[in-house]
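S.K.: Here are the chains, one letter per residue:
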Amino acid sequence: MPLIRSGEIRIAALSGALLIASLGPRIACATLGEAEMSVQSDVARLNASIKSSQDRAGYRVHEIQLPGGTMLREFVAPDGNVFAVAWNGPTKPDLRQVLGKHFDTYVSAPKQKFADRRHVNFQQGDLVVQAGGHMRALSGRAYLASAIPAGVNLGDLH
Amino acid sequence: MALLRALRMGLGVALCLSAISCGGGGGGGGTTTPPPPPPTVNTTSVIVDQGPATGNGSVNTLFTSVKVCVPGSTASCQTIDHIQVDTGSYGLRLLAPVLTVTLPVETLSNGNSLVECTQFVDGYSWGPVALADLTIAGETAKSLPVQVIGDSRFTTVPSTCSGTLTQEDTVATFGANGILGVGPFQLDCGNCDTVANGLYYACAAATNCVETLVPTAMQVPNPVTLFAADNNGIIIDLPTVAPTGAVTVSGQLIFGIDTQSNNQSGTQTVLAVDGNAELLMTFNGQTLANSFIDSGSNGIYFADSRIATCTTTGLTTFYCPGNPLSLGLSIQGANGVMVNNLVFTVGNLETMLNANPTFNVLPELAGTLPAGNAGSFDYGLAFFYGKRVAVAVEGNKTAVGTGPYIAF
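If you read the protein sequences in the order shown, they are chains A and B.
Numbering-wise, the working numbering puts 170 at position 54 of the first sequence, and it's gapless, one number per residue.
Numbering-wise, the working numbering puts 239 at position 228 of the second sequence, and it's gapless, one number per residue.
Hints should not be assumed to be uniformly reliable.
Said to hold, decoys possible - Derived lysine to any residue pairs resembling SDA-like cross-links, with alpha carbons at most 20 Å apart:
no.: 1; chain 1: A; residue 1: 229; chain 2: B; residue 2: 321
no.: 2; chain 1: A; residue 1: 227; chain 2: B; residue 2: 61
no.: 3; chain 1: A; residue 1: 227; chain 2: B; residue 2: 173
no.: 4; chain 1: A; residue 1: 227; chain 2: B; residue 2: 67
no.: 5; chain 1: A; residue 1: 217; chain 2: A; residue 2: 160
no.: 6; chain 1: A; residue 1: 229; chain 2: B; residue 2: 322
no.: 7; chain 1: A; residue 1: 217; chain 2: B; residue 2: 177
no.: 8; chain 1: A; residue 1: 227; chain 2: B; residue 2: 327
Stated by the list, open to error - Derived list of chain A stretches under chain B, where covered just means 3 residues or more per stretch with a C-beta under 8 Å from a C-beta of chain B:
no.: 9; segment: 184-195
no.: 10; segment: 222-233
no.: 11; segment: 243-250
no.: 12; segment: 253-260
Since the hints were derived computationally from the structure, they do not count as laboratory data.
Glycine included, every Cβ here is placed at the ideal spot set by N, Cα and C.
Please work from the sequences and hints to get the whole structure.
M.R.: As structure tokens, this is what we get:
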């Protein structure tokens, strides 16, 4: 249920996109847990383009189209930080870029029991990484549990 | 001489026997019509067991053996066991640490070596694309592009590849000596001749690899498509297993669909798969459009907040109901064909592991998927137990349809 009328959403989304477009690719850091401006550095580093920026109730989502066909979504909380990322498509995005400092937390953790290369269901501290699918159709998401804005349904973060 | 004569006699007897077994007796009237050639052997055995000796054990993982040769050679060959049979991927991939023959790496037109970053859900496997003559049962694919994972000739992984989660380049981290991807598509990429999407790299040197486009014929294909015959798909035929499981179970991998007397479709139900090789499943009132049946998944994975999860550390993403739960599932193909109310059972993983710690076959093993995410039901190898499941490759005809489809 929208909290604001669609015209306002459009204006808000446009101003968000303009804000991001005005941020140069000089900004080097990125990503999950980082400020919204890091969305633009992800776009630059991944040779991608922002397909849409949309305000939803309680957060904003930037859809980033990767050149290989994969869609990356970055979810920004009202405090201006990226609290979740999600991807789906034929290949994964460069998650070292997208997860930022949280990438090493995931890859240095011990392998899950009954790992079958088809599933990720990982939680360590605040970081949650979940993924599924199969060759040519991979999807997943990562979020910081404590940073999810109030009222956001986890099921919508994909 | 005596030895030679004995051998000749033995050969004669063997020829007679094979002629009899083929039903090609033909009478003795002096006619010269030769008997028809025996059909290609299109069946090989498969097993669910503990996995390769240097692995960490496995559950509900289907293996076979393959023979690879340096192209054109009959001497530089190797038979490799514990190759995973996977209907959820495409292509033959071999782990370099178990490979004793040196397969020639494919070279792009600019002279660079072709190396692949194969992406799985939880990680990646890096290694060159090389050529091999593959033989399984009586089927052969000549000069087949295959991936050699963890090859010592290419050890520097580009950051764009290593950024796709965990490296899986050893038998222990991969869980098999290799993988035989025989899903319903022809290629492991599909559009890598026109779009660079992070899978294929051109390496001018082992430490200098950049993403590249690749001509279709150089990409890693579903190996079945390069067989001379029986190349339109596969059938996996596994026996029924007890609900509590078993140490091992053995069955057959059959090549071709409706190409020989032993791979007839008969009255099988054909479910076409969509552009992602997926089906629409309906479970517990949810419509799950990104669902799939996959011999490469080791459990039945779905979201259901009603079912208790396990409490043991490391198992908390798997289901542990108090008693085994029978649940219903409907599956709809992209051709609109429905299979209604397929019943499956979710067991308690902790109970299974405590009761039978040596079992590698656990048909009631089920795990969680995140609620709402991806709208998926992933029905793994348990689906294949007690069934004869055909997977037809895209663009290929059988007696009952055209691939891509799955039928059972």
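S.K.: All hints, please: hold or fail.
M.R.: Each hint tested on the structure:
Restraint check for residue 229(A) and residue 321(B): the C-alpha separation of about 13 Å stays at or below 20 Å, so the hint holds. As the CA atoms of residue 227(A) and residue 61(B) are separated by approximately 18 Å, the hinted pair is consistent with the 20 Å bound. Restraint check for residue 227(A) and residue 173(B): satisfied, since their Cα atoms lie roughly 16 Å apart, inside the 20 Å limit. Taking the CA atoms of residue 227(A) and residue 67(B), the gap is about 11 Å. The hint holds against a cut of 20 Å.
As the CA atoms of residue 217(A) and residue 160(A) are separated by approximately 18 Å, the hinted pair is consistent with the 20 Å bound. Note on residue 229(A) and residue 322(B): the hinted pairing holds, with a Cα-Cα distance of about 14 Å set against a maximum of 20 Å. Straight-line distance between C-alpha atoms of residue 217(A) and residue 177(B) comes to about 15 Å, which keeps the hinted pair within the 20 Å bound. This hinted pair checks out: residue 227(A) and residue 327(B) have alpha carbons roughly 14 Å apart, not beyond 20 Å.
Against chain B, the segment 184-195 of chain A contributes 3 residues with a C-beta closer than 8 Å to a partner C-beta. That satisfies the three-residue criterion, and the hint holds. Proximity of the segment 222-233 of chain A to chain B, defined as three or more residues with a beta carbon under 8 Å from a beta carbon of that chain, is established by the 9 residues found. For the segment 243-250 of chain A, the stated coverage by chain B is satisfied: 5 residues place a CB nearer than 8 Å to a CB of that chain, which reaches the threshold of 3. Counting residues of the segment 253-260 of chain A whose beta carbon lies closer than 8 Å to any beta carbon of chain B gives 5, which meets the minimum of three for the stated coverage.
Taken one by one, the earlier hints all hold for this structure without exception.
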